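Peer 1: Single-letter residue listing:
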Amino acid sequence: MANDRGAIRGWFMREVLPLERSLTGYIRRNWRSQADAEDIRHEIYAKLIASARDRIPTNTRAFVFTTAKHHLINLARRAQIVSFDYVADLESLNVLAEEAVPERHLTAREELKRLRTGLERLSPRVREVILLRRLEGLSRQQTAERLGISVSSVEHDLCNGMRELVDFMMGGQAEIIPGPAHGIVARERKP
Amino acid sequence: MSRDSIEKQAAMWLLRREEQTWHEADQAALDAWLDESPEHEAAFWRLEHGQIKLARMAALAAPVRREASQPALPRRRPRRWLPAAAVLAAAMTAAVIELPNTGLFGPRVYTTNIGGREELPLPDGSKVELNTATRLRADVSRTRREIWLDRGEAFFAVAHDPSHPFVVHAGPKTVTVLGTKFSVRRDGEHVEVAVLEGLVRIDNAGAGKTPAQAIVITRGDIAVGSARSTLVEPKSVSKVDDALSWRQGRLKFHETTLAEAAAQFNRYNRTKLVIVDPQAAGTRIGGNFQANNVEDFARLLSNAYGFRVDADGKELKVSSPH
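So the protein sequences, as listed, match chains A and B.
The first sequence begins at 1 in the numbering used here and counts up one residue at a time.
The second sequence begins at 1001 in the numbering used here and counts up one residue at a time.
Derived from the structure by calculation, the hints contain no laboratory data.
Mixed in with the good hints there might be a few duds.
[Claimed, not checked] Simulated crosslink set (SDA-like; lysine to any residue; CA at most 25 Å straight-line):
#1 Lys47/A with Pro1121/B
#2 Lys1008/B with Met170/A
#3 Lys1053/B with Pro124/A
#4 Lys1008/B with Met13/A
#5 Lys47/A with Arg1003/B
#6 Lys1008/B with Ala50/A
#7 Lys1008/B with Asp36/A
#8 Lys1008/B with Asn59/A
#9 Lys1053/B with Met13/A
#10 Lys1053/B with Ala37/A
#11 Lys1053/B with Met170/A
#12 Lys1239/B with Ser153/A
#13 Lys1008/B with Thr58/A
#14 Lys1008/B with Ser123/A
#15 Lys1008/B with Arg121/A
#16 Lys47/A with Ile1006/B
#17 Lys1053/B with Glu111/A
#18 Lys1008/B with Arg55/A
#19 Lys1008/B with Gln142/A
#20 Lys69/A with Arg1003/B
#21 Lys47/A with Trp1033/B
#22 Lys1008/B with Leu122/A
#23 Lys113/A with Glu1048/B
#24 Lys1053/B with Asn74/A
#25 Lys1053/B with Lys69/A
#26 Lys1008/B with Arg125/A
#27 Lys113/A with Trp1033/B
All values derive from a computational prediction rather than experimental measurement.
So here's chain A without its partners, still in its complex pose (with noise of 0.2 Å):
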């Protein structure tokens, strides 16, 4: 019987999300192309919610590493522009050992700097737009007057904003945890 939505949602934000930090990590070790990091992760983020409708698993995160494994196996392929031992590295890896970093949790006042640090890396304006939309809590048109821009700037600014802190608070864009001296690198073919 397939997994209603609200337990697969449950689920996601439960034990796959607080792995971002570190799946973000894997991903950036594992892969040549630092830029398309988000979009791989993006990706495997699918794949797992596409197979919990079948099955949530009892071992998040093995499966969540697992599933990013195979994954970046496979994007290798198709990419067609790694050679054989790439994907034979890839394949070898035991995944688990990959990942002896323990998850860090960030005690409140840790969470705390880094949401005021966030705040301060967003531009002035869509800083003042959030802040006035969400913490003094003006309408959309309130806003735009006050800050005498249109309406939809200040959707598109809350919009941009909001991405933004949501990457940097989920760790994402964190620097980076090192990795073991024989991190992988994708290779070119040879012709």
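Once you've looked at the hints, dock chain B against the given chain A.
Peer 2: Showing chain B alone in chain A's frame:
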């Protein structure tokens, strides 16, 4: 469809969902969009999760006063930004963090809709209960405890702290306590303070706190004031209880004119009672009613008191039986 555009759509959905105009049809459209692809679900739930985290953290932050005070604007508050009381309560048991005064966070704003009620813990251990149609700003940390009641009514159970007086600014009046239980109601320049427990001091706002002008009231007292005067009603603990029955979602009347009762109900309901003739308006009634059920009250007026009730759109017109 690229990840970027999917995430943009997810963000727009999330923001739209917080608007008060969100209807069932919108929810159906959102569900349909989520059904289209697990990529949509991934993007949406991730942002949703991030928002919840942000809201929880914002609740932990001890708010810091802005340099310039913001004018109080009438606003429509996206309610879902504020975490539910349960989440806030959980967050509040964590250590209270103080942010240096960078002007990043202004006083926290709390609001309720018509007929709404909300209970909120404050970082100092005090508790606030907001009544219907209320807007309140809080600047409460370890070093200061200040509230601005812009409109509506709130009940405060204040944690005892002699070194940091708890101050409520309500229009023309300033209410100061050390640790006590009381309510403040503000309607423009008209302010009412009812005391359940402890000592409450009422000053005129802005006045250099000359003791001679202050009054101190205690349990069973209700003070009613405006810019120039404050009147303390005869002490009555049961009257204070009646005045606070909204905390259980009830309205209690005892020899109350129908005009006054109607005015009370109209605070909690979008359907408004209109008392048509002066005779009806002056009739005294009593009883214990559910605040947000004006239809039941109108039925009772008709059945028990014989009034005539005509439903007319968003109004219930009440007139003397003839």
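Peer 1: Taking the hints in turn, state whether each one holds.
Peer 2: For each hint, the structure was consulted:
no., hint, in the structure
1, Lys47/A with Pro1121/B, "41 Å, violated"
2, Lys1008/B with Met170/A, "17 Å, holds"
3, Lys1053/B with Pro124/A, "22 Å, holds"
4, Lys1008/B with Met13/A, "19 Å, holds"
5, Lys47/A with Arg1003/B, "14 Å, holds"
6, Lys1008/B with Ala50/A, "21 Å, holds"
7, Lys1008/B with Asp36/A, "18 Å, holds"
8, Lys1008/B with Asn59/A, "31 Å, violated"
9, Lys1053/B with Met13/A, "11 Å, holds"
10, Lys1053/B with Ala37/A, "23 Å, holds"
11, Lys1053/B with Met170/A, "9 Å, holds"
12, Lys1239/B with Ser153/A, "52 Å, violated"
13, Lys1008/B with Thr58/A, "32 Å, violated"
14, Lys1008/B with Ser123/A, "18 Å, holds"
15, Lys1008/B with Arg121/A, "20 Å, holds"
16, Lys47/A with Ile1006/B, "16 Å, holds"
17, Lys1053/B with Glu111/A, "9 Å, holds"
18, Lys1008/B with Arg55/A, "29 Å, violated"
19, Lys1008/B with Gln142/A, "23 Å, holds"
20, Lys69/A with Arg1003/B, "20 Å, holds"
21, Lys47/A with Trp1033/B, "17 Å, holds"
22, Lys1008/B with Leu122/A, "17 Å, holds"
23, Lys113/A with Glu1048/B, "21 Å, holds"
24, Lys1053/B with Asn74/A, "33 Å, violated"
25, Lys1053/B with Lys69/A, "28 Å, violated"
26, Lys1008/B with Arg125/A, "19 Å, holds"
27, Lys113/A with Trp1033/B, "35 Å, violated"
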